[in-house]
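Student: Listed below, chain by chain, are the residues.
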Amino acid sequence: MKVGRRLAILLAVVLAASLTLIGGRATPAAHASAKAAKLTIWVDNVQKPAVDKIASAWGTRRGVDVNVTFHAFGSIRDDLKTVKTENAPDVIVAAHDWTGDLAANGLVAPLFPTKAIKKQFPAYALNAFSYGGKLYGAPYALENVGLVVNTRLVKVPTTFAQFEKEALAFKHKSADNIALAVPQGSGGDAYHMYPFFSGLGGFVFGSGKNGALNPNKIGVANKTFLKNAPLIDKWNREGLINSKVDYGTGKNAWLKQKAAFWITGPWETDALKASGIPFRIIQLPKIKFRSVPFLGVQGMMVTKFAAAHGVASLAKDLVANEMMKPSFQLDLEQANLRYPANIVAGKRVSDPVLKQFGKAGIGGVPMPNIPQMGSVWAELGGAWVKATKGPGATPARVAFATAARNIAAKIAGG
Amino acid sequence: MSAFSGTVGLALKIAFLSIVNALGIWAAVVLIDHHKWRAVAVLAAATAGLDAIYLVKRWTLPLKFLIPGTIFLLAFHVVPVAYTVNVAFTNYSTGHILSKSEAIAGIKVNSLTEVENGKAYTIAPARDKGGHFLLVLRDDSGATFIGTKDGLRPIPRSDVTVSDGAITAARGYRVLKGTELGSLDKELSTFTVPLGGDKAIQPQGFDTAVVLAPTLRYDPKADGFVRLKDGVLFKDNNRGSFVAANGEELEPGWKTYVGTRNFSRIAHSSLIRDPFLKVFVWTLVFASLVVFISFALGLLLAITLNKPGLSFQRTYRALLVIPFAVPAFLSLLVWQGLLNDDFGVVNRLFHTSIPWLFDPNWARVSVILVSVWLVTLPLLLVAVAPLMIASFAFNFNNFGNIYLLTGGGPALGNSPVAGATDILISYTYKIAFAAGKGQDYGLASALAIIIFFVVATISAVSFTRTKALENLA
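Top to bottom, those sequences are chains U and C.
Position 340 of the first sequence, counted from 1, bears residue number 340 in this note's numbering, the numbering being contiguous throughout.
Position 103 of the second sequence, counted from 1, bears residue number 103 in this note's numbering, the numbering being contiguous throughout.
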């Protein structure tokens, strides 16, 4: 009897609850089929306002429901690999060095913008998003490091010798001073060290005959670089570069005026402006070669899911057409604090800090976008750490030759 | 009357069971949508079973307490383990995450290449009087065409109205505009205008189209792709890729079972085999020293702090709980800063210049010291043998400490991957995620299984010893 009553109550509640759930599930589906199409975009917070703006205007014009969803930038790439088709995005914001990984996994679709549109972009920005000769992303922003000079403490150097002299003279003024705030730490930081690497003739991967990067042509210990490498030992001896400076230490030192030089990028724009320190941003002066930085390019990609969702044309129209226009790129520049990739938009940038970072990146090298780059970061950073750790450092030639050997072994082993 | 009965208890139970049942019914509807009949049957049986257990009064009492634990055990232990074992026998890695049919579709899309010097058209989707879908096209020279599934047909320029670079009207056709375009996608994105041979005009969005041609063709009979320019055949290599005779591989590949290949790779790769012993020995040393020192120190502190009449006893005890209260990854990052050779507090305080994180041996000392600091208290509270074994097993796989403090570094001169402080688990991580061509989940799972057997063996031996100890006493 008692069990019977319980069962009755249970059944009633279950029925009510499951009907609500099923009802909740059915409504959006019915809604979606009534409406024309729905396009989902994954963006991070910084891009969201600009993407919201363009997407709603474009969506109204095209008769599309655009769903701009926040997704943490750092997890977009890996989440795209595991997401279920029904929840998958049609368009994502992406860093150019994901291109090889995502294209090799078959997760993104090639884009074919018109020549007129392509002309508005520097070739390297398009190359940065190309893999196997195909373009997979519409670049919208560039970023790179520059040499930030505290003009109250030192003169802006025009040659490397001048930079070296100024930095060391400042260091010798006080035991607390650092000659150059360039982050490394025990893990190393091949990205921030790249201007020194390129200035000595180093490169990561050579390219094959079709212009695509060749993972078997490793330039980490090429002849020219090894010939110039003893300069690294000299910098280590005199204390110009010290691998014990990590990101926090370096930033602090510059902000507290314990360092006159800082290698950093536009992500520190707010800190730079808030510091009240008078500064100029330049490209590190030429060492043996131009000391160009690594370039990071951000862009938008169309995923393979757009086709499954029946919005492939819409996604291509938005990404390869709307989003490559100067107006969208300028909107993003305001929110993103990055130099726009579109040349026409770039000419209209007014922020002095962004302009200077933009100039410091001229001639820069896009970070290799092939998946094998994963084998490089730790080794290249590690070679710098070992060669610049002060007393007892490994001779640079040995450190970089070892790194090159290890990278080759890792790539072959994978 | 216990706390589990009474009106409140009954209401809670009914509410809880209702949620379970409602979720079950909802899940069943979803599964039926996907025609997963076996799963529906399992789901129905499980839900009915749960109802029976909690509604029937007497004989199911022990089950009422066992079921929740069992469910969580299944969800958080058995399922991940089964998944890991399953993955260990696949090639799941960068370039191998799709199914085979998805990979074939992906290769076809990737093989489309611009021809005719990247010739592009301005287009407008339109319909003829019969409602048939077609394209109005205009090339760079201003020549105008109608494009249908049968091909390209020129029409007089005067028939087409162009404003601001876009085609707005065409005589005899209705150009589709504005919100009409949103619902057009299915027709448009598969629509191509053949140009003879393999070439075709393919729309890219709504305003432009380019001339594309495939460089590869799938041959279902040979189960492979033929490269059109030289006839090279890329065949299924049974390991999730289409590969040519010269070893050239098409991307993407697909996820498939590869038998014990991951295990034989571990056995044969010098990258993994050579430093394995070194890393293994260091793992043992690390785990034993951390357990031993923290046990000794913990015991010492326990005895000291228990001394009757000790002033500030409560304060000391409270201080000891701090490592527990602060999340481990936070304190690890703080320690990393404290131990910085030139700028860290530790060296400045003691006027030393010990290369805590930069010298292989000192880095090893640092890792042990910091781990001891972090695990002192559990042993203070529970200084018994089985827990020491558990602690050993935990430290054996203490990935967080190693990864956050030294990242396994500093690098050992002659080993490509392993650093001086790498333990097996952090080494596995590096092999799987920072080597070769990106991520290799299959290899990582195989290594994880091997590590499991190592830990299991050590723990089993230790437990047997403990039993012997008990027997002696």
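A couple of the hints might just be wrong.
To be verified - Here are the simulated DMTMM-like cross-link-like pairs (lysine to aspartate or glutamate), alpha carbons at most 25 Å apart as the crow flies:
no. : chain 1 : residue 1 : chain 2 : residue 2
1   : U       : K53       : C       : D164
2   : U       : K38       : C       : E102
3   : U       : K81       : U       : D44
4   : U       : K84       : C       : E102
5   : C       : K177      : U       : E322
6   : U       : K115      : C       : E102
7   : U       : K81       : C       : E180
8   : U       : K325      : C       : E180
Simulated from the structure, these hints should not be mistaken for lab results.
Student: Would you mind marking each hint as holding or not holding in the structure?
Tutor: Each hint, compared with the structure:
Distance check on the hinted pair: K53(U) and D164(C) sit about 23 Å apart at the alpha-carbon level, within 25 Å; holds. Proposed proximity of K38(U) and E102(C) is supported: the alpha carbons are some 23 Å apart, at most 25 Å. Between K81(U) and D44(U) the alpha-carbon distance is near 18 Å, which keeps this suggested pair within the 25 Å criterion. Among the hinted pairs, K84(U) with E102(C) is consistent with the structure: their alpha-carbon atoms are about 14 Å apart, no more than 25 Å.
The suggested pairing of K177(C) with E322(U) holds, with an alpha-carbon distance near 16 Å, which does not exceed 25 Å. Between K115(U) and E102(C) the alpha-carbon distance is near 31 Å, which puts this suggested pair outside the 25 Å criterion. Taken as a hint, the K81(U) and E180(C) pair is broken in the structure, with Cα atoms around 33 Å apart against an allowance of 25 Å. With a C-alpha separation of about 23 Å, the suggested pair K325(U) and E180(C) falls inside the 25 Å cut-off, and the hint holds.
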